[in-house]
Amino acid sequence: MEKVKIITDSTSEVTLEEAKQYDISVMGISIIFGDKVYRETLELTNEEFFKKLEEFGDIPKTQQIPIGEIVDEFKKNIDSKIIFFTLSSKGSGTNQTVHMAREMVMEEYPDADITIIDSMAYSFVYGHWVIEAAKMAKEGKSKDEIVEAATKGIADSQAYIAVDTLTYLQKGGRISSSAKIIGNLMDIKPILVIEDGLIMSFDKVRGEKKRYFKMVDLAIENADDIKNQKVYILHGNAPEKAQALKDALLSRTEVKEIETRIIGASVGSHIGPGIVAILFKKK
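Residue numbering for the sequence shown follows my numbering, beginning at 1 and increasing consecutively.
Be aware that a few hints might be false.
Said to hold, decoys possible - Pair ranges (Cβ atoms, derived):
| id | residue 1 | residue 2 | range |
| --- | --- | --- | --- |
| 1 | Met100 | Gly34 | 26 to 32 Å |
| 2 | Met104 | Gly57 | 38 to 44 Å |
| 3 | Glu148 | Lys90 | 21 to 27 Å |
| 4 | Lys138 | Ser251 | 34 to 40 Å |
| 5 | Met1 | Gly207 | 51 to 57 Å |
| 6 | Gly34 | Phe202 | 31 to 37 Å |
| 7 | Lys209 | Met100 | 44 to 50 Å |
| 8 | Lys61 | Asn228 | 39 to 45 Å |
| 9 | Glu145 | Lys204 | 39 to 45 Å |
| 10 | Pro66 | Gly207 | 41 to 47 Å |
| 11 | Lys283 | Glu108 | 42 to 48 Å |
Source of the hints: derived by calculation from the structure; they are not laboratory data. All C-beta atoms in this analysis are idealised placements derived from N, C-alpha and C, irrespective of residue type, glycine included.
Model the full structure from these sequences, guided by the hints.
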């Protein structure tokens, strides 16, 4: 039986408890509040991040995983077939850094078996497949079987994302300052999607409640039989918004299972608090 090791960056939002349960190595991206640096997941839980974000009053910075730490993690698991899941290469240099680390290790261990999966996604959109991959590894599935299933599974995942404020998007250069001001004044609520590895604007709805029903209708329309799949509700420390989205979903359709999770620091740093999203398997 092949020994397969699953590694991921912390943007996948795999918790420490899940990492321990499924033998996943989570490598923490740094979250910087002024002169304080925390490693996402490892030193800063999702709940703690949003509390610090409120106290800090400004947008924190993020920093990649040091390449030396990735090299060490590869060497530590050199006797296994390694699969490293990264966030989208379109939104971060993490994937490139992991490739560089792989090249460095291969010079010393030319027979090493290291596969890097560029999720072209963010958050639990690929994180739930990191966990599924680890489950498959525990079941004795081969590396090739795991890579094929996870790659397809991530590609088949769809999320509609609602942000609470346009400030973070404006500071990140995704919308203009005037668009932010007009949007906030007119209560325009954007709906975002992940497209070609980037978080893009998909639609705009005026009013909070209308937006939730719009997201739900889009999910039902584009899902692969939503009644018979597990749906994830993701939120940025906004349980009341998550509940409102869940209620909107259940008012429209039955669902096999719903799991609610808090979004992590990496995504929260770039989109802001109050975010809520619906994640499902698309057609």
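The hints, checked one at a time:
1. Met100 with Gly34: 26 to 32 Å: Roughly 29 Å apart at Cβ, these two residues keep to the hinted range, so it holds.
2. Met104 with Gly57: 38 to 44 Å: holds, 40 Å
3. Glu148 with Lys90: 21 to 27 Å: Since Glu148 and Lys90 have Cβ atoms about 23 Å apart, the given range 21 to 27 Å holds.
4. Lys138 with Ser251: 34 to 40 Å: holds, 38 Å
5. Met1 with Gly207: 51 to 57 Å: Check passed, 55 Å falls within 51 to 57 Å.
6. Gly34 with Phe202: 31 to 37 Å: Distance hint for Gly34, Phe202 holds at roughly 34 Å.
7. Lys209 with Met100: 44 to 50 Å: Once the Cβ atoms are compared, 47 Å apart, the range 44 to 50 Å for Met100 and Lys209 holds.
8. Lys61 with Asn228: 39 to 45 Å: Taking Cβ atoms as reference, Lys61 and Asn228 lie about 42 Å apart, which means the hint holds.
9. Glu145 with Lys204: 39 to 45 Å: holds, 42 Å
10. Pro66 with Gly207: 41 to 47 Å: holds, 44 Å
11. Lys283 with Glu108: 42 to 48 Å: holds, 45 Å
Of the hints listed earlier, there is not a single one the structure fails to meet.
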